[in-house]
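*Asks:* Quick note: my numbering has the sequence shown finishing at residue 67, numbered continuously throughout.
Quick caveat, the hints were computed from the structure, so don't treat them as lab data.
All clues given are correct.
The calculated label-pair distances, taken between Cβ atoms and stated as ranges, are:
#1 Gly8 x Gly29: 33 to 43 Å
#2 Phe40 x Ser63: 12 to 22 Å
#3 Phe66 x Tyr33: 16 to 26 Å
Every residue gets a Cβ at the ideal spot worked out from N, C-alpha and C, and that includes glycine.
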Amino acid sequence: MLNALRQRGLLNRVMLSMDITRRSHLKANGGNGYDYLLTTFIPQLRQSGFSQADVDTMLRDNPSQFFQ
Numbered sequence: 000m001l002n003a004l005r006q007r008g009l010l011n012r013v014m015l016s017m018d019i020t021r022r023s024h025l026k027a028n029g030g031n032g033y034d035y036l037l038t039t040f041i042p043q044l045r046q047s048g049f050s051q052a053d054v055d056t057m058l059r060d061n062p063s064q065f066f067q
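Turn these sequences into a full structure, and let the hints steer you where they fit.
*Replies:* Listed below in structure tokens is the structure:
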């Protein structure tokens, strides 16, 4: 889905985030943990062809613009 949005030039509308809602989501309990987005998901995006600029847009620039 993110690739389709990128191809349409819509990454400027995307913010990436994640949620930990249960104790079972914590690494100590066998879950992905708080760092999953940065240590696993982002590297997967980069390996699939997303540039660092694309990542910065979704993680930094778009949230910054949203809260202005």
